[in-house]
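Residue numbers (my numbering), protein chains in the order written: chain A, 15 to 322; chain B, 0 to 676.
Please note that the accuracy of each hint is not assured.
[Said to hold, decoys possible] Using C-beta positions, here's what the derived DEER-type ranges look like:
id : chain 1 : residue 1 : chain 2 : residue 2 : range
1  : A       : Ser66     : B       : Ala302    : 43 to 49 Å
2  : A       : Asp231    : B       : Ala302    : 56 to 62 Å
3  : A       : Ser66     : B       : Lys514    : 22 to 28 Å
4  : A       : Ala244    : B       : Val379    : 38 to 44 Å
5  : A       : Asp19     : B       : Asp303    : 50 to 56 Å
6  : A       : Glu149    : B       : Asp197    : 34 to 40 Å
7  : A       : Ser66     : B       : Gln230    : 56 to 62 Å
8  : B       : Asp303    : A       : Pro106    : 44 to 50 Å
9  : A       : Gln25     : B       : Glu403    : 18 to 24 Å
The hints are simulated quantities; they were obtained by calculation from the structure and are not laboratory data.
Keep in mind that this is a model prediction, so the values were computed, not measured.
Note that beta-carbon positions come from the ideal geometry of N, C-alpha and C, so glycine has one too.
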Amino acid sequence: MSKIDRPTSFQEIILRLQSYWGEKGCAVLQPYDMEVGAGTFHPATTLRALGSKPWAAAYVQPSRRPTDGRYGENPNRLQHYYQYQVLIKPSPPDLQALYLGSLEAIGIDMELHDIRFVEDDWESPTLGAWGLGWEVWCDGMEVSQFTYFQQVGGHDCKPVSGELTYGLERLAMYVLGIDHVMDMPYNDPQTPIALTYGDVFRQTEQEYSRWNFDVADTDTLFKHFEDAEAECHRILDAEDVDPKTGQRIVMAHPAYDQCIKASHVFNLLDARGVISVTERQAYIGRVRALAKACADAFVTTEAAGAAA
Amino acid sequence: MPDLLIELFSEEIPARMQARAAEDLKRLVTDGLVEAGLTYGGAEAFATPRRLVLAIEDLLGESPAVKEERKGPRTDAPEKALEGFLRSTGLTKDQLEARDDKKGQVWFAVIDKPGRPAAEIIAEVVEKTIRNFPWPKSMRWGSGTLRWVRPLHSIVCVLSDNGEANVVPLQIDGITAADTTNGHRFMAPEAIKVAGFDDYAAKLKRAQVVLSAAERADRIWNDATQMAFAQGLEVVEDKGLLAEVSGLVEWPVVLMGSIDDAFLNLPPEVLQTSMKEHQKFFSVKDKSGRIVKFVTVANRETADHGATILAGNQKVLSARLSDAKFFWENDLRVAQTNIESWTDALSNVTFHKKLGSQADRIGSVETLAREIAPIVGADVDAAEKAARVAKADLSSEMVYEFPELQGVMGEYYAREAALGDDVAAVAREHYQPLGPSDDVPTAPLSVAVALADKIDTLIGFWAIDEKPTGSKDPFALRRAALGVIRLVLESDHRFGLKTFVSDDDLIGFFHDRLKVFLRDRGIRHDVIDASLAMPNSDDLTLLVKRAEALQYFLSTDDGENLTQGFKRAFNILKQAEDKDGVEYSFGPDPKLAETDEEKALFAALDEAEAKISPAMEAEEFAAAMSAMATLRAPIDAFFEAVQVNAESEILRRNRLNLLHRISAACQSVADLTKIEG
Numbered sequence: 015m016s017k018i019d020r021p022t023s024f025q026e027i028i029l030r031l032q033s034y035w036g037e038k039g040c041a042v043l044q045p046y047d048m049e050v051g052a053g054t055f056h057p058a059t060t061l062r063a064l065g066s067k068p069w070a071a072a073y074v075q076p077s078r079r080p081t082d083g084r085y086g087e088n089p090n091r092l093q094h095y096y097q098y099q100v101l102i103k104p105s106p107p108d109l110q111a112l113y114l115g116s117l118e119a120i121g122i123d124m125e126l127h128d129i130r131f132v133e134d135d136w137e138s139p140t141l142g143a144w145g146l147g148w149e150v151w152c153d154g155m156e157v158s159q160f161t162y163f164q165q166v167g168g169h170d171c172k173p174v175s176g177e178l179t180y181g182l183e184r185l186a187m188y189v190l191g192i193d194h195v196m197d198m199p200y201n202d203p204q205t206p207i208a209l210t211y212g213d214v215f216r217q218t219e220q221e222y223s224r225w226n227f228d229v230a231d232t233d234t235l236f237k238h239f240e241d242a243e244a245e246c247h248r249i250l251d252a253e254d255v256d257p258k259t260g261q262r263i264v265m266a267h268p269a270y271d272q273c274i275k276a277s278h279v280f281n282l283l284d285a286r287g288v289i290s291v292t293e294r295q296a297y298i299g300r301v302r303a304l305a306k307a308c309a310d311a312f313v314t315t316e317a318a319g320a321a322a
Numbered sequence: 000m001p002d003l004l005i006e007l008f009s010e011e012i013p014a015r016m017q018a019r020a021a022e023d024l025k026r027l028v029t030d031g032l033v034e035a036g037l038t039y040g041g042a043e044a045f046a047t048p049r050r051l052v053l054a055i056e057d058l059l060g061e062s063p064a065v066k067e068e069r070k071g072p073r074t075d076a077p078e079k080a081l082e083g084f085l086r087s088t089g090l091t092k093d094q095l096e097a098r099d100d101k102k103g104q105v106w107f108a109v110i111d112k113p114g115r116p117a118a119e120i121i122a123e124v125v126e127k128t129i130r131n132f133p134w135p136k137s138m139r140w141g142s143g144t145l146r147w148v149r150p151l152h153s154i155v156c157v158l159s160d161n162g163e164a165n166v167v168p169l170q171i172d173g174i175t176a177a178d179t180t181n182g183h184r185f186m187a188p189e190a191i192k193v194a195g196f197d198d199y200a201a202k203l204k205r206a207q208v209v210l211s212a213a214e215r216a217d218r219i220w221n222d223a224t225q226m227a228f229a230q231g232l233e234v235v236e237d238k239g240l241l242a243e244v245s246g247l248v249e250w251p252v253v254l255m256g257s258i259d260d261a262f263l264n265l266p267p268e269v270l271q272t273s274m275k276e277h278q279k280f281f282s283v284k285d286k287s288g289r290i291v292k293f294v295t296v297a298n299r300e301t302a303d304h305g306a307t308i309l310a311g312n313q314k315v316l317s318a319r320l321s322d323a324k325f326f327w328e329n330d331l332r333v334a335q336t337n338i339e340s341w342t343d344a345l346s347n348v349t350f351h352k353k354l355g356s357q358a359d360r361i362g363s364v365e366t367l368a369r370e371i372a373p374i375v376g377a378d379v380d381a382a383e384k385a386a387r388v389a390k391a392d393l394s395s396e397m398v399y400e401f402p403e404l405q406g407v408m409g410e411y412y413a414r415e416a417a418l419g420d421d422v423a424a425v426a427r428e429h430y431q432p433l434g435p436s437d438d439v440p441t442a443p444l445s446v447a448v449a450l451a452d453k454i455d456t457l458i459g460f461w462a463i464d465e466k467p468t469g470s471k472d473p474f475a476l477r478r479a480a481l482g483v484i485r486l487v488l489e490s491d492h493r494f495g496l497k498t499f500v501s502d503d504d505l506i507g508f509f510h511d512r513l514k515v516f517l518r519d520r521g522i523r524h525d526v527i528d529a530s531l532a533m534p535n536s537d538d539l540t541l542l543v544k545r546a547e548a549l550q551y552f553l554s555t556d557d558g559e560n561l562t563q564g565f566k567r568a569f570n571i572l573k574q575a576e577d578k579d580g581v582e583y584s585f586g587p588d589p590k591l592a593e594t595d596e597e598k599a600l601f602a603a604l605d606e607a608e609a610k611i612s613p614a615m616e617a618e619e620f621a622a623a624m625s626a627m628a629t630l631r632a633p634i635d636a637f638f639e640a641v642q643v644n645a646e647s648e649i650l651r652r653n654r655l656n657l658l659h660r661i662s663a664a665c666q667s668v669a670d671l672t673k674i675e676g
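Produce the entire structure from the sequences given, and follow the hints as far as they go.
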């Protein structure tokens, strides 16, 4: 009936997105090797959205939201999940069309489905970032966020980056017609060793849910937070010129790693329920201060297009 | 005369901004054109998710030529002044005219401003409009600097006259105005060439775009109600949702779907809220009021008549309602076993950092509810119990998910907890009235807790000095005070606010809100002041009774004249007291009355006072005032015939004491000095 070729597994959807955005000129990057709450935290988005240098990247980012843990029981809530992230700077004029093309690539037939762009102003208080855009709805379900970055780390984005974020599990469940995430085929269901999402992740969801909510040592976490914060500042306080090589080496990325770490530790503390409402704002402010400091450093570097 | 068509075609404009943006476009462009001399016959603006459109009819083809005269410096003024004038007018010295003026010879510049073609003016006005558009929030995109609500893609700017259409030359940040647009994003994406508004509107409709938001809303509502009617059902009206949904589609296609049986036992408020908030669905109810179906509005037609779209929507809804059902069932378990554990859990929830936890607050509302209960005819223990559970639902999972269901859920849960319908109703009703048009509860228990909740809130925020200022009232304290006022007045309960409120500033705040409230009911502000100045004005029912009687009294002839007489007496007395440095408050002696008029006044006062006192005692203000009114003629006659400041000091003193008696009799009813005019 449909002219569209439908995928059969979670990984096929990811592979199709990778090849689609690769064909459209994006550098297909790998996930960042640290715990983050969303694909936006990858330096390929946060830092590369800053400065004047053109950029086009696409990647999968494993993301962790400790408070969303449901011991693997909820049909679509997970403490560890995947986002697919695309960032193009400057945002091309046909970004909406490119995005819709990606939906077709993963098997959504535009002739049969109802796609709508519903206002959604994006703001990340921890990153000091905001942008305007939409939630994209397919038949009433939010399948992506589409954002034109206006500011990151307190800096105006010039040029503006276009950011696309797909919640991979939810999108894949929809495309594959699956009701519970754990039942979703991870690889091709016809292969001899067919694995579901549950085969891969049910146990880890249970383990992490328990750890996140009840076991993680809060004293240690508070200490980690302080350490990361101090290290971030220490890195940025170092002289721009490296005394060993005599070169100007601003360590924006190592400092940003500490910012990411602080942010994730904060999320863990939040899940442990040890951060009160008032303290919450203060912690978010501290992470934002780190993000801003890292952004300030990054914009002075070559990767941001600053004169060497 | 030419017609103008403007279309600003962009990525999806937020629904809530569209109507306002269409109006702004119309206002800014027409104002700009008129200012430049281009008047027009009519203008209409439209908005869809992707376009703002303005059609102007019968526009002048060019602006009229004008002759502008400007007065410059005197001919003998320094060279510098003349140079400046030449620069500002763009003329040379030989083009100026020297004219005689009162102060001597003065340079005049006569500038002939020739008419300008409409296209030139339009290009300027449109560019200025786009660059200064008042979007609530705007953005940049790509490498450009232009700001718009979302990326602006193309501009149609066509001036048409006698069947000939021309593009107005115009370029903004790389976008060149043209005569082509696009139809529906998915159903008719091809470029369309347009020659004027009628052509444009007709072609767009063929390209699955309904230009008018009102027409889209009508279509949605008609189709939805028809569809529901055909099945003996009814769509729950929601104007806000209708407007929003109309702003999300260019080609509305209404689809009706079923709600899985598994969810039909959820409270209708939960179904409705979940469907509206998460999915922007309309609720469809059966004859008994149960919500059994939903209506969604898609942006396109499909070969399968929406089957895929509806199936998808249904699936999303089921996932959402599964969540809601999960919350509901978890909540019911708590409600049935230990609803007070929810109240206890609120000790971990901060109400305000200076006022402590929600549980602390509930504790003080309980205490206050006990005190108020007897006054409003509620059982003391029941009021305390009701106050204790009224906000328990704030701990429930459902209210965490849908904060707007607070109270509504509380009532369901309190029923489940077998607390009785009257206690359960308090959970919902104690928040009322939520606005000036919301109902006020009448059940004594609900009134007791509603009053306690509001008064406690006000006392708390006054104690930490968080009062409303100007337009800022983040804790809705004005609404709380107005709520107290309406709760008291609409049930006629009698108590002094000072019984519960010791802060005079807060009493003053109640009085201010009461003034606003009474003014809206047509009571004069001076009447309110005159009533406020009387004792026990913290008893709002008494205060309003007095004000209403006084307002009526003043509208009568007697009332108005008596007030004049009173004021005359009062002023003479005041002057004499100021001058003499004494108070004339001894009883006047009737034996010293000389004239008939004076004697008559004594008699009238005896009679009136005998009536006023008991009437006031019984709070029968109308009776007191009509007794007061009998004084009018004697007072008038007295002033006509008698000289207060008599030669004889004894007579003068007695008369001043008589004036005091008049004044006191009148003042015992209301402070008439506050009455204006």
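Tested hints:
1. A:Ser66 with B:Ala302: 43 to 49 Å: holds, 47 Å
2. A:Asp231 with B:Ala302: 56 to 62 Å: holds, 58 Å
3. A:Ser66 with B:Lys514: 22 to 28 Å: This hint is violated: roughly 60 Å between Cβ atoms.
4. A:Ala244 with B:Val379: 38 to 44 Å: Hint violated: Cβ distance 58 Å, outside 38 to 44 Å.
5. A:Asp19 with B:Asp303: 50 to 56 Å: violated, 18 Å
6. A:Glu149 with B:Asp197: 34 to 40 Å: Taking Cβ atoms as reference, glutamate 149 (chain A) and aspartate 197 (chain B) lie about 36 Å apart, which means the hint holds.
7. A:Ser66 with B:Gln230: 56 to 62 Å: holds, 60 Å
8. B:Asp303 with A:Pro106: 44 to 50 Å: Taking Cβ atoms as reference, aspartate 303 (chain B) and proline 106 (chain A) lie about 33 Å apart, which means the hint is violated.
9. A:Gln25 with B:Glu403: 18 to 24 Å: Violated: the Cβ-Cβ distance is about 41 Å, outside 18 to 24 Å.
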